[in-house]
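Going down the list, the sequences are from chains A and H. The opening residue of the first sequence carries number 1 in the numbering used here; numbering runs sequentially from there. The opening residue of the second sequence carries number 1001 in the numbering used here; numbering runs sequentially from there.
It should be emphasised that the hints constitute simulated quantities derived from the structure, not laboratory data. Glycine is no exception: its CB is placed at the ideal position from the N, C-alpha and C atoms. Hints should not be assumed to be uniformly reliable.
[To be verified] Cut-off 20 Å, straight-line C-alpha distance, at most; resulting in silico cross-link-like pairs (SDA-like, lysine to any residue):
#	chain 1	residue 1	chain 2	residue 2
1	A	100	H	1083
2	H	1066	H	1080
3	H	1041	A	12
4	H	1041	A	3
5	A	100	H	1051
6	A	100	H	1103
7	H	1041	A	102
[As the list claims (entries may be wrong)] If you anchor each label on the Cβ, the simulated ranges turn out as follows:
#	chain 1	residue 1	chain 2	residue 2	range
8	H	1054	A	42	25 to 33 Å
9	A	93	H	1089	26 to 34 Å
10	H	1086	A	78	41 to 49 Å
11	H	1074	A	60	29 to 37 Å
12	A	40	H	1068	35 to 43 Å
13	A	81	H	1055	43 to 51 Å
14	H	1008	A	93	30 to 38 Å
15	A	77	H	1068	42 to 50 Å
16	A	54	H	1042	27 to 35 Å
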Amino acid sequence: QKEVEQNSGPLSVPEGAIASLNCTYSDRGSQSFFWYRQYSGKSPELIMFIYSNGDKEDGRFTAQLNKASQYVSLLIRDSQPSDSATYLCAGTPGGTSYGKLTFGQGTILTVHP
Amino acid sequence: GAVVSQHPSWVICKSGTSVKIECRSLDFQATTMFWYRQFPKQSLMLMATSNEGSKATYEQGVEKDKFLINHASLTLSTLTVTSAHPEDSSFYICSALSQGYGYEQYFGPGTRLTVT
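Could you put together the complete structure from these sequences and hints?
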């Protein structure tokens, strides 16, 4: 079982809709979680991080963390074609030094006009 | 956000030669940097953790004698791919660890290595 798993894609939503990206993790010791966006041929770009249960909002993005269910999600409101990319969920493994991340396999999001 | 640069952005080399990739944190000091490799349509694979002033910690299965890492200052880490082979062709990405509250990683733009 992979430590961080993302819902299989690709995910396609119409422009203006809400895109929902999901991630589960197996390590209960994981403390912090990160969402990165990666455009084709480019390196990942940090969107948000979350370490407390509940919601965290930043502009059109909302990250949700539920430690009891070991579940992390990212909602993108008013999706735009420019949001089309691969979204990577990552967590910090428990018991290791700060900063080391375990990545999920990524979910490809396509926002069509 | 924090800025991390990498040089070169792409490189082509012949089999058997060595290639050095530089990773710099431009506006913050990074005691810890990470090196990743990414093959097409795959996620990032952590190769090693680079700590300033100490030896790098390599992930299982990564040959430390082939992928030499040096973190000589708080803003610079280098990865040298020695005796490169075609199977080493990949997208190499570094990241620098922010000392902010979230301990978030900021990625460099990546280096595309092609070994012929």
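**Study point:** Hints violated by the structure (listed by number, smallest first)
**Key:** 1, 12
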